[in-house]
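Colleague: The listed protein sequences correspond, in order, to chains A and B.
Start counting the first sequence at 3; every next residue gets the next number (this note's numbering).
Start counting the second sequence at 3; every next residue gets the next number (this note's numbering).
Calculated from the structure, these hints are not laboratory results.
Some hints could be false.
Below, a list of computed lysine to any residue pairs in the SDA-like style, where the Cα atoms sit at most 25 angstroms apart [unchecked claim]: (1) A:Lys128 - B:Ser180; (2) B:Lys34 - A:Asp67; (3) A:Lys128 - B:Met152; (4) B:Lys155 - A:Cys124; (5) A:Lys283 - B:Tyr386; (6) A:Lys317 - B:Lys155.
DEER-style ranges, computed between Cβ atoms [claimed, not checked]: (7) B:Ala176 - A:Asn361: 57 to 65 angstroms; (8) B:Asp27 - A:Asp67: 32 to 40 angstroms; (9) B:Tyr230 - A:Ile64: 26 to 34 angstroms.
Ideal placement from N, C-alpha and C gives every residue a C-beta, glycine not left out.
Number of protein chains: 2
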Amino acid sequence: MKCYSKMSKDELLKERDSLLTIYDDYCKKNLKLDMSRGKPSSAQLNVSNEIFDCIDSKSNFIAKDGIDTRNYGDLYGIEEAKEYFADVLCVDKDMVMAGGSSSLNLEYSLLAGAMLYGIKGCKPWKDLSEVKFLCPSPGYDRHFAITEHMGIKMINVPYNDCILDIDMIEKLVADDESIKGMWCVPKYENPLGITYSDELVKRIANIKPKAKDFILIWDNAYFIHDIYEDKKDTLYNIFDAVKGTGNEDMVYCFTSTSKITIAGGGISAMITSKRNLEDLKKDITITIISYDKVNMLRHVKFLKNKENTIEHMKKHAKFLRPKFDLVKKIFEESLGGLEIAKWTKPNGGYFITFWTLNNLAKKVYERCKKAGVVLTQVGAAFPYGIDPNDNCLRIAPSYPELDELENAAKLFCVCVKLESIEYYLNN
Amino acid sequence: MKCYSKMSKDELLKERDSLLTIYDDYCKKNLKLDMSRGKPSSAQLNVSNEIFDCIDSKSNFIAKDGIDTRNYGDLYGIEEAKEYFADVLCVDKDMVMAGGSSSLNLEYSLLAGAMLYGIKGCKPWKDLSEVKFLCPSPGYDRHFAITEHMGIKMINVPYNDCILDIDMIEKLVADDESIKGMWCVPKYENPLGITYSDELVKRIANIKPKAKDFILIWDNAYFIHDIYEDKKDTLYNIFDAVKGTGNEDMVYCFTSTSKITIAGGGISAMITSKRNLEDLKKDITITIISYDKVNMLRHVKFLKNKENTIEHMKKHAKFLRPKFDLVKKIFEESLGGLEIAKWTKPNGGYFITFWTLNNLAKKVYERCKKAGVVLTQVGAAFPYGIDPNDNCLRIAPSYPELDELENAAKLFCVCVKLESIEYYLNN
Numbered sequence: 003m004k005c006y007s008k009m010s011k012d013e014l015l016k017e018r019d020s021l022l023t024i025y026d027d028y029c030k031k032n033l034k035l036d037m038s039r040g041k042p043s044s045a046q047l048n049v050s051n052e053i054f055d056c057i058d059s060k061s062n063f064i065a066k067d068g069i070d071t072r073n074y075g076d077l078y079g080i081e082e083a084k085e086y087f088a089d090v091l092c093v094d095k096d097m098v099m100a101g102g103s104s105s106l107n108l109e110y111s112l113l114a115g116a117m118l119y120g121i122k123g124c125k126p127w128k129d130l131s132e133v134k135f136l137c138p139s140p141g142y143d144r145h146f147a148i149t150e151h152m153g154i155k156m157i158n159v160p161y162n163d164c165i166l167d168i169d170m171i172e173k174l175v176a177d178d179e180s181i182k183g184m185w186c187v188p189k190y191e192n193p194l195g196i197t198y199s200d201e202l203v204k205r206i207a208n209i210k211p212k213a214k215d216f217i218l219i220w221d222n223a224y225f226i227h228d229i230y231e232d233k234k235d236t237l238y239n240i241f242d243a244v245k246g247t248g249n250e251d252m253v254y255c256f257t258s259t260s261k262i263t264i265a266g267g268g269i270s271a272m273i274t275s276k277r278n279l280e281d282l283k284k285d286i287t288i289t290i291i292s293y294d295k296v297n298m299l300r301h302v303k304f305l306k307n308k309e310n311t312i313e314h315m316k317k318h319a320k321f322l323r324p325k326f327d328l329v330k331k332i333f334e335e336s337l338g339g340l341e342i343a344k345w346t347k348p349n350g351g352y353f354i355t356f357w358t359l360n361n362l363a364k365k366v367y368e369r370c371k372k373a374g375v376v377l378t379q380v381g382a383a384f385p386y387g388i389d390p391n392d393n394c395l396r397i398a399p400s401y402p403e404l405d406e407l408e409n410a411a412k413l414f415c416v417c418v419k420l421e422s423i424e425y426y427l428n429n
Numbered sequence: 003m004k005c006y007s008k009m010s011k012d013e014l015l016k017e018r019d020s021l022l023t024i025y026d027d028y029c030k031k032n033l034k035l036d037m038s039r040g041k042p043s044s045a046q047l048n049v050s051n052e053i054f055d056c057i058d059s060k061s062n063f064i065a066k067d068g069i070d071t072r073n074y075g076d077l078y079g080i081e082e083a084k085e086y087f088a089d090v091l092c093v094d095k096d097m098v099m100a101g102g103s104s105s106l107n108l109e110y111s112l113l114a115g116a117m118l119y120g121i122k123g124c125k126p127w128k129d130l131s132e133v134k135f136l137c138p139s140p141g142y143d144r145h146f147a148i149t150e151h152m153g154i155k156m157i158n159v160p161y162n163d164c165i166l167d168i169d170m171i172e173k174l175v176a177d178d179e180s181i182k183g184m185w186c187v188p189k190y191e192n193p194l195g196i197t198y199s200d201e202l203v204k205r206i207a208n209i210k211p212k213a214k215d216f217i218l219i220w221d222n223a224y225f226i227h228d229i230y231e232d233k234k235d236t237l238y239n240i241f242d243a244v245k246g247t248g249n250e251d252m253v254y255c256f257t258s259t260s261k262i263t264i265a266g267g268g269i270s271a272m273i274t275s276k277r278n279l280e281d282l283k284k285d286i287t288i289t290i291i292s293y294d295k296v297n298m299l300r301h302v303k304f305l306k307n308k309e310n311t312i313e314h315m316k317k318h319a320k321f322l323r324p325k326f327d328l329v330k331k332i333f334e335e336s337l338g339g340l341e342i343a344k345w346t347k348p349n350g351g352y353f354i355t356f357w358t359l360n361n362l363a364k365k366v367y368e369r370c371k372k373a374g375v376v377l378t379q380v381g382a383a384f385p386y387g388i389d390p391n392d393n394c395l396r397i398a399p400s401y402p403e404l405d406e407l408e409n410a411a412k413l414f415c416v417c418v419k420l421e422s423i424e425y426y427l428n429n
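Between the sequences and the hints, there should be enough to build the whole structure, so can you do that?
Modeller: Pasting the structure below:
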């Protein structure tokens, strides 16, 4: 098909009429479709059900370190949980703290601690006139919600054509002592689905922050969440990258098994230098006696090690792959060549990022909503909820069933086309 | 035996010699005994093992509200968990938030939120020149650790002969706007083991704090933790007590199943007015997506309801009762009539509080330590770790086996006697 920008007014009007007929037909169906949530589907959840057979009343509850997992103790988690995370993330187990069911909560607690008590021996952030954070965008909405809620000023660092503006980062952190940290989802980024290149990881590892208490939040949420067996992204190990740079204490890496086993019922981890772990103990010991160690034991028994976890992730991929493929196929068939949109083709993670022409994202969102398809709120992936170009949409294909997803993606494309035609008719 | 204060110097010296022989014998045994930790014993943990059979791979994971407990969602917990806590605590289920494995963590988060964002629409505490908390003492060391760590000034409110100085509380909160809250463990208080009288609960409910954002932390950790079937304390319902007083939004009650099922692996709850729950949502939603709902489901399946939980607690009591009885018997036999000590005789909870003559607690602690018996650090139950009279010791009989406990308690009494004799010899 001819690209929209080259169509005459008559051609556009004709195209609009035919699309409106399709759109109206969809509207009559009273659809209730949802592509907004990065949640695993029920079928995916079923692949981990056997985790609940790993512990029963007859189990041996004693951890390797001799601690009874049913009792208090082990603030930083049981030995085997540390070993597990060390194995899957290729880090030293002395750098691991195993936590509760939420890595987001660990991230929040780190920032709340920095606000209230300071970090790395520096002044509490609450006592500074200004605290800023770098926010590579589009990024994870819940990260930005934390910094916004804490009154931390967020600076939008763009991914230009999916490549993070590292020049901007290098300059900003070197110049401004009030920049205290940066959010990163380096692998299968939420929502881009891209993975940081080796060069990017190394340049990030080598930044020279003016602030002594600059913290790099390395949210490796999708570290092993591949969709294709023949196309897997690899992420350069940030802890190898910082060696010898003077930034050995800069990185706080987080992950969890939420999208490996049970969403919101998995185990989490913080990985950081031994010195940082030691330093944080005085704050963390105030917040909790110990995390749920039986759940740690249950997880290690089920997931075992890296090799077994990779095998387990293939079961998730089996359900995710056709969904991602379907959406990409529909996008390509409906929108390919029209020059009105682009989208990412991730090898893993939970999201596809979709760009409309500028200033159309909100309109597409509203048009979809009227027809019964819920998308993630426009702007959610940007600091303060503001997408500067109003052109970015997050597509979450994981949760709906295939037939629902097909309807939703097709209707979405109709909406994108309709809004693009309106644009060309009026410009 | 004659009371020590009436003994002659010769009598005291003779008594000391005979006690030192016993003490030296103990020292030679290289004992390693611990009466410091309020932890359930292994036998107690075993009584809840069947909780791990309540969920397996074949379970129905869908909660009453239709939510899949294996997926994200339900920030305030599943319906049946709210109903469970509402049942056991005799409160409205709309006042319940069910949380993760730690009620201490919920308490911490409430205070951290008040510091960072303010509470009840008032200024964040971090922006005030001074914030104070009332700390009934002896109290729970981890409560005081939170307020101390946050830089909140702690005011020691004494329990005089186990009766809280409510006059002092009424006066202080009415006069001083910087007093923002009070810690209370109203039932089987940690470490006193006493329960607030109906009158005391009503007077607390009727205080008139000058601060609009005064919060009463009502840590009902031992709400159902009776040791004797024929002697059970009852606690007047604080939420009934505040009705009509204007303090309907003052109370934040916390509890968990840590000492009902799995220590550090149970489920927790915050109970407060519907208005407070609504108001806190904006803060809590920032900290976590949702808590472990499978563990909530597991707990409700196992504990069922109040009646069944009371039956379950009898199994714990079976192990706790002989330990408390043994310690009290040894104290009575060794120290009764000497007028050098007193101690509480609780009907529930995890602790006995023991008072030496003034200024002897640290000395007793050290003497016990030398002989291989670890007690809770002296002062731990007081703000800033300072026991103003240096006479208060927390005894935790739950964890050691009976034979260990017998040795530890007997040795403890020898140490108390020896230090008391030293006192009388020098005064």
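Colleague: Look at each hint and say if it fits the structure.
Modeller: Each hint, compared with the structure:
1. A:Lys128 - B:Ser180: Answer holds: lysine 128 of chain A to serine 180 of chain B is near 19 angstroms, not above 25 angstroms.
2. B:Lys34 - A:Asp67: holds (19 angstroms)
3. A:Lys128 - B:Met152: Holds: lysine 128 of chain A and methionine 152 of chain B sit about 12 angstroms apart, inside 25 angstroms.
4. B:Lys155 - A:Cys124: holds (22 angstroms)
5. A:Lys283 - B:Tyr386: holds (19 angstroms)
6. A:Lys317 - B:Lys155: violated (54 angstroms)
7. B:Ala176 - A:Asn361: 57 to 65 angstroms: At 58 angstroms between Cβs, range holds.
8. B:Asp27 - A:Asp67: 32 to 40 angstroms: holds (34 angstroms)
9. B:Tyr230 - A:Ile64: 26 to 34 angstroms: holds (32 angstroms)
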